[in-house]
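**Student:** If you want the building blocks of each chain, they are given just below.
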Amino acid sequence: MWIKNAWYVAAWASEISEDAILARTYLGTPVILYRTGEGEAVALEDRCCHRHAPLSKGRLEGSDVRCMYHGLKFAPTGECIEIPGEARVPKQMKVQTFPLVEKDKLLWIWLGDAALADAGEIVDLPYLDSPDWRYTEGFIHYDANYQLIADNLLDFTHLAYVHEKTFGTDLAGQLRPEVEITAFGIRINHVWNNDTPPPMIRMAGGFSGMIDRWNLCDWHVRGNILLMEAGSMQPGMGGHTSDRAGAIEFRHVSIQTPETENTANYFFVHSHNFALDDDQISDGIFDTVCVAFEEDRDIIGAQQRIIDLDPSRPMIAAPFDGPLIHIRNKIDKIIEQEQASGRIAAE
Amino acid sequence: MWIKNAWYVAAWASEISEDAILARTYLGTPVILYRTGEGEAVALEDRCCHRHAPLSKGRLEGSDVRCMYHGLKFAPTGECIEIPGEARVPKQMKVQTFPLVEKDKLLWIWLGDAALADAGEIVDLPYLDSPDWRYTEGFIHYDANYQLIADNLLDFTHLAYVHEKTFGTDLAGQLRPEVEITAFGIRINHVWNNDTPPPMIRMAGGFSGMIDRWNLCDWHVRGNILLMEAGSMQPGMGGHTSDRAGAIEFRHVSIQTPETENTANYFFVHSHNFALDDDQISDGIFDTVCVAFEEDRDIIGAQQRIIDLDPSRPMIAAPFDGPLIHIRNKIDKIIEQEQASGRIAAE
Amino acid sequence: MWIKNAWYVAAWASEISEDAILARTYLGTPVILYRTGEGEAVALEDRCCHRHAPLSKGRLEGSDVRCMYHGLKFAPTGECIEIPGEARVPKQMKVQTFPLVEKDKLLWIWLGDAALADAGEIVDLPYLDSPDWRYTEGFIHYDANYQLIADNLLDFTHLAYVHEKTFGTDLAGQLRPEVEITAFGIRINHVWNNDTPPPMIRMAGGFSGMIDRWNLCDWHVRGNILLMEAGSMQPGMGGHTSDRAGAIEFRHVSIQTPETENTANYFFVHSHNFALDDDQISDGIFDTVCVAFEEDRDIIGAQQRIIDLDPSRPMIAAPFDGPLIHIRNKIDKIIEQEQASGRIAAE
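Protein chains in written order, with the working numbering: chain F, 18 to 364; chain R, 18 to 364; chain P, 18 to 364.
Isolated chain F (complex conformation) (with noise of 0.2 Å):
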């Protein structure tokens, strides 16, 4: 189960070119991605409307896909444009399309009911298209639902156990964050005041002596969307309220797109606006998140392996899981009111 009308992550813009159709699946749902004459970012369904063969082993012709199996080709609106050995298409002979918008160096397409589609409403990642940030596109694939990962975003206690040898501070398991329910989902945030620095932020920042630390997280439930503003700056200066002069910072996101029910594809990128010509330091940064996220895969694909054994039974609420549980039961609404008004299709 998943929210259908949203713009979800569909693949960074960098994946996808005019030369080859790169395929995954969306809510279940196959689909191609690729790059018109002009450049413009296309999603079909991965399933020719003929005999079901998929278009993924289709060829680009231009701004057209050509299935490949009795050589019907589509144009990027899904129409079917040629038959070959006849004189006219019918006019059902069509694909499925979605609505599919680069942004931020993303691409984000729609799976649900089109006519409900606003570009405007998709989050803005400005960090992401700019040259104040450097960062690594990151991505990885999970064996598990893609509830159990935003659980685990939405709670940071398991930094200290789950993290211990790369993240974690015995702190993390011990703080509790501010949280406001807000109207895109949930704030969630960390402040660390006068803390020791960890080796990396030290060395980075030039920090000789205690510092104030934050993180700052906004959820966003349509879509899945961790944002989240690290900093790291001199104590006793305000910390992230103030104009944080000296401070360094990241621009956390970790985006997750259900693939089926118990798979998922998750986008991220830690991106800092300091050392940004510093080869090493950026590269270390980027490793040390894929090392942390390989960890956080491995208990998560654990834990649906476990729960996959027996669904039926319940968990019991610790007094820190506030934030999943509203998020689960904020998706759980916003699902049954989307079956409710039966705007879900695609088409």
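Incorrect hints may have been included.
What the hints assert, rightly or not - Which bits of chain P does chain R cover? Going by a derived footprint, with three or more residues having C-beta under 8 Å, they are:
(1) 165-176
(2) 264-270
As the list claims (entries may be wrong) - With the Cβ distance kept under 7 Å, some of the chain R side facing chain P (calculated, not the full set):
(3) Cys66
(4) Arg68
(5) His69
(6) Ala70
(7) Pro101
(8) Gln113
(9) Thr114
(10) Pro116
Rather than coming from a laboratory, the hints here were simulated on the basis of the structure. Virtual Cβ for every residue (Gly too), placed ideally from N, Cα, C.
Assemble the complex: chain F is given as a structure, and chains R and P must be docked to it using the hints.
**Tutor:** Just chains R and P now, kept in the frame of chain F:
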């Protein structure tokens, strides 16, 4: 779903002997094939009636097979003729047998109501047992429903796309065959007059200029059997309707026997009546067919996987889909009649 | 389907320690086993009650285990004794525990209603903890339902066929044992008087001529336990009913603990009371048993796959199937009674 009361190809006659058991599954039923001491081909269910151990792990003892779990011995009639340590054998101790006929180098099995099995209805393939025709016995296994393979063989427009590197010509996607509904299924005749010969045909037939070519296909709905006459000769002499003087010809056979709902066994030959002593040409013909059949298997396997994602999605017919739709409807109708008659059980 | 209220073997006592967690699944329930600081064996469900992460990925801290997802710590009683960052722990925060008893070098687990667990009902296997008997601890995993393994052990006619290269003798298929229905299940006694000794027995026992042999089997329906006394001695001295002077003897144990509907854990020993200091003989006995058990696993796994093709097909009983049918009926009856009583849940 499949027709039960039909002769299906079980194996090449050369695949079985008195010395070894061949195990294969037909229409969801596991079967063993072997030869008696007199060389007669036998088909028994691959399931000892006692505790359901597979007889394919058993031992041939003359014309009989002994289950190697508890030692029960079965005659080619399926009757248990020995239970170790017991003086008498209960009458009901019997393994299922299936009518099996050896004809034209093939073994034909009947999985339906044995009382309806009439060996006279097995299609004639005399060129499989003739010194005038040369071929290699072909077999491949498919991870796809047999009807998807039949669809493929009932529509040659795919030659231009799936086989663009082997059999395909641009014309294949354009030309429309003559189609005739028949009692056995459907006849589909492709004729190209005054066409350029493909290289192999030019060489093998010694043609210097244009040729007349034909592909005359008979599709038998019972047994999923394609018989194709293919030939090439000097143009303007009447082509396939003449006495075919100077022609080089092929007899192609493609037969699918359903294994399970989503897998099939596939037997084929591409026999030729020229260059009978030329191993290189003969092997070249077989190798080309094998490469082309891998191309089919690749796209059909991919098609099956897309269909499996949502089997309820409708397909949209192209104008040239008439033959395959006719055959699918005919199969559905026969299955319906069989189920109404109740005469489908093996015994 | 399986009996819930029974002691099942969970592991060899030597398999667990204070330093590592052993994860295994019994009756579909994932379980961890470990020892407390005092050496006491503990069984907890391998599912943190909080978010269902597996405790087998957790960390032992003295006698307790900490879930390494969010750091909840559990005592051997299953009670959560620490939630990081929280002053108090909700009472309902508790992991399922299971009665676990260490006896005769084995760990015995109770998955049913704990109120019914009476350690006094665990079968006695004193020779597993005696200097007079030597053995290697055996364990194999089966891709088959436990009842198919029980069937195999309840009928030795298979020795002549499955084990023709190891244990088998032609006689095994012919001879019929004495069978006695008992309170615990069934007793099956095989006695061969004045028989030729197999080579290993001749060597080990120093026999120069014929011998009397016996295989006395007790099958316990609760726990799926085979206890077999096997022995050989000079003929005409009364055999197993005498004082067995000069006999060489084995105590065989075979125990199946269902893992899932189609998999099982299998514990076994083939202990001997002779050549106690001879590593070569002792290893040779164990190796022979292992080879023979692979033969069983091969045919039983194949049998399971045939059954899975159509589980509705009836089996036809052979005259010697009485014991296995009796045990299957007894299991069915106990399961029926358990379900009627409603006393099957672990807590």
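**Student:** With reference to the structure, classify each hint as holding or not holding.
**Tutor:** Status of each hint after checking the structure:
1. With 4 residues bearing a CB less than 8 Å from a CB of chain R, the stretch 165-176 of chain P meets the requirement of three and the coverage assertion stands.
2. A stretch counts as covered by a chain when three or more of its residues have a beta carbon under 8 Å from one of that chain; for the stretch 264-270 of chain P and chain R the count is 0, and the coverage is violated.
3. Restraint check, Cys66/R versus chain P: the minimum CB separation of about 5 Å is within 7 Å; hint holds.
4. Annotation: interface hint on Arg68/R holds; nearest CB of chain P at approximately 6 Å, less than 7 Å.
5. A hinted interface residue such as His69/R counts as satisfied when its beta carbon comes closer than 7 Å to some beta carbon of chain P; here the least separation is about 5 Å, so the hint holds.
6. A hinted interface residue such as Ala70/R counts as satisfied when its beta carbon comes closer than 7 Å to some beta carbon of chain P; here the least separation is about 5 Å, so the hint holds.
7. The closest approach between the C-beta of Pro101/R and any C-beta of chain P is roughly 4 Å, which is under the 7 Å cut-off, so the hint is satisfied.
8. A distance limit of 7 Å between C-beta atoms decides the matter here; for Gln113/R the minimum to chain P is near 10 Å, and the interface restraint is violated.
9. Interface hint status for Thr114/R: violated, as the beta-carbon distance to the closest one in chain P is roughly 15 Å, over 7 Å.
10. Below 7 Å, beta-carbon pairs count as interface contacts, and Pro116/R has none with chain P, the closest being about 20 Å; its hint is therefore violated.
Of the numbered hints listed earlier, those contradicted by the structure are 2, 8, 9, 10.
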